[in-house]
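Student: Residue numbers (my numbering), protein chains in the order written: chain D, 291 to 641; chain X, 291 to 641.
It should be emphasised that the hints constitute simulated quantities derived from the structure, not laboratory data. Careful: at least some of the hints might be erroneous.
Note that identical chains are pooled: a pair holds if it fits in a single copy or bridges any two copies.
[Stated by the list, open to error] SDA-like, lysine to any residue: derived pairs with alpha carbons at most 25 angstroms apart:
#, residue 1, residue 2
1, 345, 535
2, 633, 338
3, 345, 633
4, 633, 582
5, 633, 364
6, 633, 581
7, 315, 488
8, 633, 387
It should be emphasised that the depicted structure is a prediction, and the values quoted were computed from it without experimental measurement.
Protein chains: 2
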Amino acid sequence: MARFSPTAPHLPRSLLLPRMTLPTKTLDVVGIGNAIVDVLVQADDAFLADHGLSKGTMALVDEAQAERLYASVGPGLETSGGSAANTLAGIAQLGGRAAFIGRVRNDQLGGIFSHDIRAVGAQFDTPAANDGPSTARCLILVTPDAQRTMCTYLGASVNLEPEDLDLDLVRQAHLLYLEGYLWDSEAAKRAFIAAAEVMRSSGGQVALSLSDAFCVDRHRDSFQELVDGHVDVLFANESEICSLYQTDSFDAAAEQVRGRCRVAALTRSEQGSLVLHGDEAFPIAPFRLGELVDTTGAGDLYAAGFLYGYTRGEDLARCGRLGSLCAGQVVTQLGPRPHSSLKELVAAHLG
Amino acid sequence: MARFSPTAPHLPRSLLLPRMTLPTKTLDVVGIGNAIVDVLVQADDAFLADHGLSKGTMALVDEAQAERLYASVGPGLETSGGSAANTLAGIAQLGGRAAFIGRVRNDQLGGIFSHDIRAVGAQFDTPAANDGPSTARCLILVTPDAQRTMCTYLGASVNLEPEDLDLDLVRQAHLLYLEGYLWDSEAAKRAFIAAAEVMRSSGGQVALSLSDAFCVDRHRDSFQELVDGHVDVLFANESEICSLYQTDSFDAAAEQVRGRCRVAALTRSEQGSLVLHGDEAFPIAPFRLGELVDTTGAGDLYAAGFLYGYTRGEDLARCGRLGSLCAGQVVTQLGPRPHSSLKELVAAHLG
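Generate the whole structure from the sequences, applying the supplied hints.
Tutor: Below, the structure is given as structure tokens:
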């Protein structure tokens, strides 16, 4: 099975040039995303229906809508979130060298976000905004079937501008990870493309998560272009990849994406995932580690495990199993940041 | 077994005066306490030792200490807390009519605290401070043995002054619940005594939780006087009641407290609790509802269950079982606010 390295794909590790002659890379992955604090609340299906929310998806709300919705829900549990941020935190927890770029406001929630991502060892140096909207919040409604439905107030996170990007940080990493959600902000999208170009020109790779089927729907053409032109590793779940290629058939969508990027990792909840590369396809079984509690962060942690393996040159099947294992852990708890040691989990299950 | 009512103790409910002739009481319990947001983090015994923290207790820290400590811990999970606030939230979740008095700042954490206590149906109308210290935070270090060790920055909560007290609210309740932690603030203590006097003169009862052995140690004389002169229902755990009467023997402490207040409910972790009233003693078995995860809120939820029964005129053994059941639930999850329905729990276990 092929072993991968972002600097020399398709070559077994033994054929790599000695480290000294490669560009100095001090990070495995740098990620750009919305810096968000999650508010987890319990809700039932009737609540989703009453508020016109579509289960399992993410809806954008403005501050007034966010406050009205918050006033109508039960008590919450607050935890740092944000899709790419969860992935970078997961990579750091696994022992990878990770940095996150995203914008908070200098308020209490911004303090929580900054603390939590640094506390797991990820680098996070984007200066907090001193004025403007408050730190982004995502109200996550967890239904009894453990599904999560999200309402996001983007707040300060949409004010990430290209000039905020620390391009040196991007150059220091083997891989740049981008969340599709950023496409909802014109400024963040520009920052995103600029970073992808810098990463490619510095010899690294670009990974993208499609984030949400509705998000794909809003930006389909743009995402298709991006996948064809800039993306090495694509993450998508079944509804996202089907939305990207406007088909109801997973198999048809999988055939469509083949060859458009180096690797596509397609997740299918309890059916596990499928990793595609050229003509190869690696079906990955899911890990069931306990009772299903809350699916928040499942996709983010899949990407974390996968990219941790990928940037270490692991074979693609093992990358998929690492992703599957991390996703399997996070769905057994509330919230998207693992409460138990991912390192120990990997040692126990994947040696 | 004796049935209790705050307005006519020792009389079976059938002998109570018709409701119409009693003073109009629209609330079961009003509580005064520190309004706190908890930050739950995982820690090991070595961390406690390195920071000079005594397991299972609460230490007060100033803002700078709180920030230094926060910077040294792992990622957190934020949830509304505060001892009396947890109890009042629990009473409301059980279906009791509950109000809380305590002070937050008008900041993001204050918004979270206010939302969460109102979201379970408790009344909370204390105006938020517009200036001064930020909303109180408690860093709760949860060790692998599920014990919690707390470091509290009291922030805005210590600025609760007697003039902030809504005495009409106090008069509307059958019972006033006070947390011993308030004794650490001179102003709050004065507010506390004023409220107790108003409650007594309006025909209601006063309950006190001793909160923490070190807190008892700081204010022993004052607490003894309070128990003898103002308290109808006393809640204490083993180390607190032993500290109050400066003895190593639980039995000796239990003998000391007998008759000094109407009812003493003494909790003993996995040994259950002992409810004392006059010459009677009711040993209450603990409920083991699942794996022990985090003992945060165990005492607070015991008081919630107990007072919910007590203000409904239930017999003392059932009050104890209600307390024991609610405490048994909260220790199976992270944080002091039950994530599952206490009403359903009572229906399932105590009919």
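Student: Does each hint hold? Answer for all of them.
Tutor: Hints versus structure:
1. 345 / 535: Within one copy, since 21 angstroms is at most 25 angstroms while 57 angstroms is not.
2. 633 / 338: Classified as between: cross-chain Cα gap 23 angstroms, same-chain 36 angstroms, threshold 25 angstroms.
3. 345 / 633: neither (32 angstroms within a copy, 27 angstroms between copies)
4. 633 / 582: both (21 angstroms within a copy, 23 angstroms between copies)
5. 633 / 364: between (34 angstroms within a copy, 15 angstroms between copies)
6. 633 / 581: both (21 angstroms within a copy, 23 angstroms between copies)
7. 315 / 488: Result: close within a single copy only, 14 angstroms intra versus 69 angstroms inter.
8. 633 / 387: So residue 633 and residue 387 pass the 25 angstroms test inside one copy only (14 angstroms; across, 47 angstroms).
Of the numbered hints listed earlier, the single one contradicted by the structure is hint 3.
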